[in-house]
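In the order they appear, the protein sequences are chains A and B.
So for the first sequence, my numbering puts the first residue at 1; every next one is plus one.
So for the second sequence, my numbering puts the first residue at 1001; every next one is plus one.
In short, the hints are calculated from the structure, not lab data.
No residue lacks a Cβ here, since even glycine has one placed at the ideal position from N, Cα and C.
Please note that a few of the clues may not be correct.
[Unchecked claim] Coverage of chain A stretches by chain B, computed from C-beta distances (three or more under 8 Å per stretch; other residues unrestricted):
#	region
1	54–66
2	79–87
3	156–166
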Amino acid sequence: MKKLTIILVSIMALLLIASCGPQGPQVTRIDAGTQTDLSGFWNDTDVRIVTTALINDFLNSPRVNQAIEAMGGRTPIVLVGRFSNESSEQINTAIISSTFETVIFNTGRLDFVAGGSARDQLRAERQDQQSHASEQTAAALANEAGADFMLFGTVRSQVDRAGNQTVRTYIVDAEITSVETNQRIWMGRNDEIKKVVVQPRNRL
Amino acid sequence: MFMDMNKKRKIRLVSLFVSAFIVLMILTACGGGASRAQRADIYAEIDEAISRNDFVTALQMVIDAQGAQRPLYDNNNVISLFLNKGLLEFYAGLHADSAESLLNAERLIQEAFTRSISQNVASFILNDNTKEYPGEDFEDIYLTVFNALNFYHQGSIEAALVEIRKLTLPSGKLELLSRKYDDGNARIRGEHGDALNQAESAEGASTPVSRNTTFSNSALARYLSILFYEADRNPDAVRIEMEQFHAAFANQPTIYTQSVPRAINLIAEGSGDMARLDVLTFVGLSPIKEEETLQQYWPIFTGSNRYANINLPRLVERPNRVDRIEIVVGDETFRLELLEDMGTVIVDTFNARYTQIFLKTYIRTLVKHTALEIAQNQAAERGGALAGMGARLAGGLLIEASERADVRISRYLPNGAFVGGVLVEPGTYTVTANFYSQGQLVRTKTRENMEIRANRLNLAQFSNLDFIYAFSQIQGG
């Protein structure tokens, strides 16, 4: 009886001490390609899966090849437009659009021009050079390369919850549209990211 | 033989001291944060700064108090730290910092779904303060509302809409809240109806028990949703959110006792070539928890052990003095109308959880008194009446020291959200908000050089947390 009491008291004391708070952080470096799912939210693995699939789809699209050939030997110029986040979690969609830009640019099949805030900064700098740089070195005004196509995209999510289970599905759409004719030359969709997240009800 | 008895007594005495010492060590070591009295002093100072609307000073006080040797919020109360810090950062206009703090609070609230067994055991032995504070449902909802505004103030309607979707989409926070307590409370009422009925009629009981939440749709969230979807040029979503807005008023008459604000009709009517100014203002401070003691009589025990104190958290309102808000823009003057009584929402959602809090506290106190009764009887049998009395006294003190209501809460949520709107010629304006209390102008806030343009969102947002400062002396989590 006494032994049992001692064991019970010891367990309780240990549990009480264990309940006193978290320990400090532990850092381990891992390969960047390793799949790490901690919370079930959108992460680097999802970006990699989605962008790889969509870019491959784009590069192998006969419609894209047609559009490039129709340019008559000139490399088409693309402007990256809005890649909007219509999901219910804060996702940095700039990672998706910049991955598109980098990979496609490096294939040499398309050229990209700066858009958004980068374009605004460049225009401001060009304007500034008109007053402050020498005539020989100042960049000329109204000489920007006009884009032939614009890249748009959307990330949407579908969430279903019951008890401690959540199902998260992500649908990523991307499209490249002709600036002149509004004609779409390529549309891609990736909906292969589907996760069942089971949050444990208890921990020690 | 006599020596043996003496030795055994000494060993028992030493064991008693060692056990008491261990319990005290655990009691003090687990907390690690500021004492109740220290917290009350710090909160009083912060509240004084807030009553002056000096949010930068209030925020700095929180940061300083957290950096002290005994921090304001201990390891089990990190959610309150992020909530309070995030809200003060919001009022201080530090929207990027506020978004970060509130997203941290949100993440921790989600993680707190997984309950720690060890902390749960500790909470059944000592009190609920030994557990990580998991955040209240209303905190989870309103932090998202404030984060939507944080992203709006940073110029990202897209990110603001992400926050709004967390609340309003199917399986979002509002829908989850509506189904969270329905089954649980009914089950508890079925299994422990007697204890609950007894508590409801107990002396000094002022806190409602065993009530489901009626709040499942926030007009404030829908209002922001309408504005942001409109700015995002999504008329379908605006229409749906408008319907949901009206449903919030129609289906929750105990929450929304006022009529639908005219600002909503103004949005629905459209503004043509004119520019519409929308104004959202937060006023007052929300209710906070304080400890309430219920006297319980258990005839099964003997002597003074029959009388137990059950310490429970209860919500107390903080008297807010602003009763009228007037907006002046150009030649136009209009009064803001109540959109959401956030204090009422807080009380409603807290009541839903109260059944569980009450039952756990009741059982824990009962178990402690049972243990005390046994210890007292054994001590009296072995060491006589005096030993029995000593055991009762020591045990009583231990129960008194360990039974503490969990009064942790975010202290800086506003008490109400008011809205208004007006059509003006597009242009640059100074927007002034005049706050009145019993006919007297008590505070004025202005937004200079606000560009109000047609066909875009022009939302002016003010916060005035004026409240009657003398009240802030009460203790809080």
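Checked hints:
1. 54–66: It is violated: at least three residues are needed, and the region 54–66 of chain A offers just 0 whose Cβ sits closer than 8 Å to chain B.
2. 79–87: Held - the region 79–87 of chain A has 4 residues with a Cβ nearer than 8 Å to chain B, which meets the minimum of three.
3. 156–166: holds (count 5)
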